[in-house]
Every structure is written in C-alpha cells, then in structure tokens.
Amino acid sequence: MSEPLLSVKNLKKFFQVRKGFPNPKTVTVRALDGISFEVQRGQAFALVGESGCGKSTAGRTILRLLEPDEGTIEFDGQDIGKADAKQMRALRKRAQIIFQDPFSSLNPRMRVGTALAEPLLVHGLMGKKEADERVRDLLEEVGLPRDAGVRFPHEFSGGQRQRLGIARALTLNPELIIADEPVSALDVSIQSQILTLLRDLQQRLNLSFIFISHDLGVVRYFCQVMAVMYLGKIIEKGPVPKIFDEPLHPYTVMLRDASPVPDPTARKAFERIEGEVPSAVNPPSGCHFHPRCPHVMDVCRKVYPDFIAVDAERSVACHLYADGRGGLPVAETAAAIG
Amino acid sequence: MIHPGNPRVEPVLDVSNLTTSFRIGGEWHAAVRGISFALQPNETLALVGESGCGKSMTALSILGLVPKTNGRVEADHIRYEGKDLSRLPDEEMRKIRGNGISMIFQEPMTSLNPVLPVGFQVMEALRYHQKMSRGDGEKRALELLELVKIPSAKSRFKEYPHQFSGGMRQRVMIAMALACRPKVILADEPTTALDVTIQAQILSLLNELKAETDMSMIFITHNLGVVAALADRVAVMYAGDIVEIASVNDLFARPTHPYTEALLRSVPRSDRDTKTLYSIPGAVPPLTRMPEGCRFAARCELAIDICRRQNPPLETLPAGGAHSVRCWVRGDHDLTAMKEHADV
Amino acid sequence: MTDHVDVLPEASRHPFIDQLQKAFRNNKLTGVGAVIFVLIILVAIAAPLLAPHDPLQQHIIARLKGPSAEYWFGTDAYGRDILSRLLYGARVSLVISLTAIGLAMVIGSIIGIIAGYFGGMIDLALMQVMDVLLAFPALILGLIVVAMLGPSMENLIIAIALTAIPPFARTARAPTIAVKERDYIEACRALGFGHPRIIVRHIFPNVLSEVLVMGSLWLATAIRVEASLSFIGLGVKPPTASWGGMIREGFENILDNVWLSVCPSMAILLVVFSLNLLGDGLRDAIDPKTRSDS
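Chains as they are written, first to last, in the UniProt record's numbering: chain E, 1 to 338; chain G, 1 to 344; chain A, 1 to 294.
For the record, the hints were derived by calculation from the structure and aren't laboratory data. Take the hints with a grain of salt, since some may be wrong.
Unchecked claim - Between beta-carbon pairs, the in silico distance windows are: (1) Gly31(A) - Asp147(E): 33 to 39 Å; (2) Ile122(A) - Met290(G): 50 to 56 Å; (3) Gln16(E) - Glu208(G): 53 to 59 Å; (4) Lys86(E) - Ile41(A): 49 to 55 Å.
All figures in this text were calculated on a predicted structure; none of them were measured in a lab. Glycine is no exception: its CB is placed at the ideal position from the N, C-alpha and C atoms.
Working from the sequences, and respecting the hints, build out all of it.
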C-alpha cells in the first residue's frame, strides 16, 4: 500500500468538566481515548458511532481546532501536532471541514461571495479580480448559479447552504476534507443531491474524506473504509462492504441491526438491542460495551480487549476474537438483512 | 390484520377535507390542503414527507393546536367518537387532548418540565382528566413507567428530567401519552432526535404497546426505514397534499406516485450496495409561491402538460386493495377525455 | 441535480438594512421616536439661527417674566431668554451624551468582544473589573469622577462614559460567546484566519446591532445623568446653558416662575421618550425570537 495521506496514532483528547452541586468536582471525560487509523489518498474513510462516541471530537482534533492531549497526527509525512504557526497555515490549505448544520456554518452578515473569496485573499493566493472569478467557478462547481455570490446566507435553502459550505471547503484546493455529518440535517431528497455532489467532487478532484456519520446507509453508499467508535475508542475497522456483510464486533452487529431499512418485508423485532451508551465520565470497567453485549464473558468485565488484526484489512477490539476463541456465532454475523 | 377501506369497521378518527392555512404577508396560504383519511382501530398510519409537507400541521390541526392568530383550520369534518373536532369549542377540546387523543413530540428535552419530577408529570394527566386521587394516580403512573420499561421505575419516580437520558425521557413522554388510555396517539417524529440503537428500542416498544392495547397511532416521520418498521398504512405527503396512500407492503412494493418512487430511490440503504443514488432535482416550493396544478410537476420526470395546469385528484388504483394515488400519469385517468374536457 | 430553481429573484440587501426596515415597519412608534430625535438634533445644530436672543445676554428689566411675544417661554432670574437657553442647552446635553455614549460603545464593545472571544482568565479579569464598575449606580459613579476631576465638559463625558462602559461590555460579550460557538467561526480557523481577522470581520458585524440598540437606550440614560449632575452643580459651569443646570436655576425660583424648570424638564422628557421609542423598536427587530436569519 502506498504512503497514506493521513496517519493518526494513539490520538487522545480529554475534557475537564466541573460537575455536581453544591460541591462541584472536576472530572475528566475521555472523549478520544487513543484512536489510530490511516486514510489513503482518494479514499473516503468513515468514522461511525452514536452520539458521545467521540467521532466529532476526532475530526476537530485532527484539524487541530482542538489541541490533542496525546498521540501523533501525520499529514503527508508531516507531524501536524508539532507544526508551528507558519507550517500550520500551510497545512490549513490542505485539509478542510464541512459541518452538519447548514444554518450555523455561514456568517449571516457576509455576502457569500465575499466569504468564499476571503480565504484566497488572506492566503495571498490571488488578486481580487481573480478571486472573484474563482468564486464564480466554485459556485458553479457545487451546483449554484455563478452570480449567487452577491446574496446573503439567509436567502438560501438548507440544501443550498450546504453547497455553500462545500464550496468554502474547496476554495483552497484541499486534499483532505473532514465531513462532520454533512447530510444529517437535510431532507431525503436534498441529502441525495448533496451525497451525489460530494461523490462527484471526490472522483473529479481525487479528494480524501473523513466522513463522520451515524447513518449506516449513507456510510455504505459513500465510504470505502470505516471505523466504528464506542466511548472514545475504535472497536472495529475495515473495508465497508466486509463490515456490512460480516460485522465482527457485537456492537457493530447491534448498530447494523438497529438501522431501519425501507423494506417492510424485512421488519425485525429489534430483539437484541438493549441498553444505552453509558456516560463517558465513568465508563464501565473492562470492555466499555460489556453491559449491553449479548455475548459477554467474565474477561470482558475486567480487561479492555486488545485491538487485534483479524486479517490483512480488518481489526476488532473484542475478546471473542482473542486466540482460541471463534468469534461471533455464525448465524448472527450473516444476519438476516438483504 | 387491518382492513383499510373496510366499511364495516367504524374508523376511530375520520378526517375529511382538512385544510390548514397560514397568513403570510397578508395572504392566506394552505400548508395542508384538503386531505382526507380514516384511521382504523388499532392501526398505525404513517404520515411521511419532507419538511414543509404539512405532516406536523395535520397533527396539530386534529388536536386544535394551530395558533389562531395567523392560522386557520377548515374541514368537512374531523370525526372522533361521534364528535366533530373541527367544530368543538375549546373547553370540549381540552377534555379530549391528552385523554382520548394524545401526542408525543420530537424533543423529549423540551417537552418535559425540567422543575417537576417525572412521576408527577405522568400523574398530572390522570389527576386532571380522570380525577384520580393522589394514591391511585401514583400507582397508575408507576405502572405506566414500568409499561414503557424504565428500569427501576420505582426509585426513579421522583427524579427530574435532566437525570434521564434522551431515550428514557422519550419513554416518559410515551408513558404520559398513554396515561389516560387514549384511543389515538399522534406521534410527531418521536425517534428523530435519538440514536439508532435507542430508536430501535422505542420503535419496538411502540409496536409492543400497539399489540397489547387497542390504540391507534398516527406516526409522523421523514424516515422511510422507520415507516417500514412499524406502519400498517402509509400516507405520503408533498407540499400539503396526500399524494399516495396505501398499505405499507403495497407502498414499498409498488410505489406509484413519481415522488414516492423517487424518494425511495434517493435513500442510501444499509442493507444493500447502492451504486448510484437517485436525486430529485430542485426543492419543495415555498408556501408563498406554490405552483398551479400538481405541486410536484416541476421536479417530476414524467410531468406532462396537464400536470402544470390542474392538480390531479386522489384516485384509487384499479389493481385492488386500497392504494390511492394523486397523479395524472400514474393514476387511473383517461387523459384523452380529460384533454377534450379541458379544451371546452 | 442542482436546486437553483428557487434562488430568490429579488435583489440582495444587507440583513442589517432588513432589520432596520423591520423595526420601522412593524412598529410605527419607532419611526415617531426617530423623527423626534432627528428634529431635536437639527434644532440643536441650528440653535444660533433659531434662537431669538443671545442665551447669555441678561435683560435686567425683564427678569422672571412669563411667556410673551418677545420671550416665548419667559425669562430667568437674570432676564435671559429661556427658549434661547433651551436651544443652546440642547447642544451641550447632546454633545456630552453622544460623545460619552460613543466612547462607551467603542471601548465597551472592544472589552466585551475580547472577553467573550478569548474566554478563560482574560474573560474573568475583564468582566470582574466591569462588575466592580457596575456595582456603582450611574449617578454615584459620575458624582465620584466629577468630584475628583472637577466639573467640566470633558470630565462629564469621562464620567458618563465610565458608567456606560460595563453595560456595553456585557451587551457585546453575550452575542460574542454565542457567535464564537458557531460553525463558521470554526471554519474560519480551519481556513487559517488569525484572531484579529476573525474578531473584526466575523464577530463584530454580528454584535453590532445589539450594541447599537443598547446605544440608543443608553443615550437616554446619559442625557438624564448629565442633567442630574448639572442639577446638583457638577455639570458644565454657568453661565453656559445646560438643561440640568437650567432646572436647578429654575428650582431656586420655582414659586416666582414655574416655566423656568418646566421647560427644560419637558425637553429632557421629550428626548428620553423619543430615544426609548426608537430603542425599543430596534430591540424588537433584532430579537432572536423574531429574527428571520439565524
């Protein structure tokens, strides 16, 4: 495999929270508890999980919008964590972010053309005239009229604002885009428009994506590789088709089975789906998933499982796959959907 | 199994020609225009559509919760237990809300009062509507919390909403809605704000409750996967119209309105590989600038001349069952006759 | 594949203009307030042209006269024309309060935005100082400052500005904190913009309307404080006319001629009233609950 574009090793991010009344105590939330992964050029890599699993924190820490507490982030061989202000400015051109909420991602007091031209001017990449022309090209590229730049954000619909957010991320010709739930706030018909646009851009511009999402359908459509997160840790990682066909971790199985499918003949009783994500302030001992796991063993309650490679492409953090154990019962992995 | 359209079964809720309009800039615009449907006993009817299609407005109109200052609800009738809700005075309506018909909202965080214990809030409806004593109320409220599977309900009875997770709060909301054994529950996107594993649990809870009691439910959602998981019958709404209504199996097997079909092809699915995703061009027109004729025509690949002039009626398909579609092209229309008629 | 069918056909206006328009359209009283205030300013500017007499000219034979054709609002104890003194007094009152509030607006906004944007210790330290200032009632703080520095126009301006800085800092800080959390600020950081640029280009325009509304409401307060300080003798030195000073002079002769005090009081009432109408209308227009943009 060629040199990865992004390589994250043992990344950690903790938050201090003051909790309690009348005697507040400072507690540490381990939002990111040592995650590692690589993103290849032109690849869409999914970070999947439920709220509070740390997937959004991961996206922001990689861009150093949040300062990492531990671990390394290498972008194209360069350590982002150690970059000084000047190097960081150069790196900022190469990695960008798209947000979930199209209503908070644009400055309501700035014409969109001005906002889109701003990064080009700030980085001194081109003059005013040239930048205006580039803005028109960008607007066209994301499927908006070339003269939309004279308008203010409130004049656009949710889907159009999301297009503007994508245009802004593209201004500096980045190689990596972190997309944080980019279609979750959109209606179905608009969602498919945006997904189609993103895929088209990915192919034409050879972009890499870190695609943060809780929607397995969207991930299956858009991404090639995925990592499933639970309480700040990656619990399973591998190629998208394989994980969907044969999930290894019991939590991945649960997520897949819980995802509603537009097919009434595949209606399920959602039997094995139990419990809720525990608080990240005080995660369960051993494997964080053990209180909800249908296959829990004694060892799960005491020891956090190692992240082990099952084959060349797939890894999982589960005691079922430790030496000598056979993994999940076959009936369950080959489960009943599709 | 339910028999939609079976005339021998008296529907619990019969909505006929409901129109809800809002005054925007001095003019009245219909957010829901002339929709009709009947809810059978123990049936779950899903209202599906994208934002602004009028699905939530329909629920609010049934309960008489549309703000009177700039909203207006008109209907031939909204019949419930022999009463016409559209003509009921406020005083009478209050007795039905939360008692015979109750509602579950999307946001369990804002729908519960943060300064009152959850047990008390569940009990409140019982005390108000059924004039229960404190002791009886507490007993029944506890039963309800256990019914919606809140773990160690007894010890959590006196806790406050912020001590509950999102999923647990939604269970409390459901307990409150069930308190007076309503005949009809209106659930407005009750799982949209929840994580998938919690959503699955709430959906299976609602399915169980439906099997155990004789309640009927109108389930409002934008998520076709959720519809497939619990609806008996589905009404697809677009820009204030019901464009298609059918049993859940018929709808997913034979989506007939071009909008329904396009919607189903636009959803990326987790159970199969999707090579290319279909995209419906354009967006829903804003309420103030609705086009003439079929409101979907501008985004429809099949649109013909008449679609842009005249809104098609909702007609039952000849294939049998109770599958109705509002479409000139896909519906059962003799277009040549229509054309001559239009020319006269 | 694209959804440009619904891009609005109308020309694009700055949301700020929209808000202003909304303020005047939704509430007619906003316009009434604005018109009265603008008229007062025009009258103050044109005082030398409009005043029938020299405001300092004493007419010994016409002391404490009631209204007449010669002296519309009568004369004071030195025989000076009250109308002329009112017109010139407007200049003093308005210059002092406008300058003071202008100063307070600029300094307060800078403090508030910096505190809100950077947060942490900077926020804590700055707002602590503001709280100390805020603990004094406006009049008392003004009194202390003027008593320490001596009564003069400049010191009056400083005193009033000082009392008005903390509310402006608070007004600017709250929206700054809200805006700072928005995704577009994070996008700015991801695009490599520096803090000064983010503050000036992206935070400030979103705070401006709130600060301006506060300004129009505090202008009324400033006029009142100026009058109060002048009334107790800490304002501009006599014989220069100021409304507060005139009320005090009139107060000494209230039994002989009521007009002396009533006229300047009515003038203050009119200005404060017009500014409150204007400010309330503007505030309603930028209220997030009724705002169309997020």
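Against the structure shown, which of the earlier numbered hints fail to hold, in ascending order?
Violated hint (a single one): 3; every other hint is consistent with the structure.
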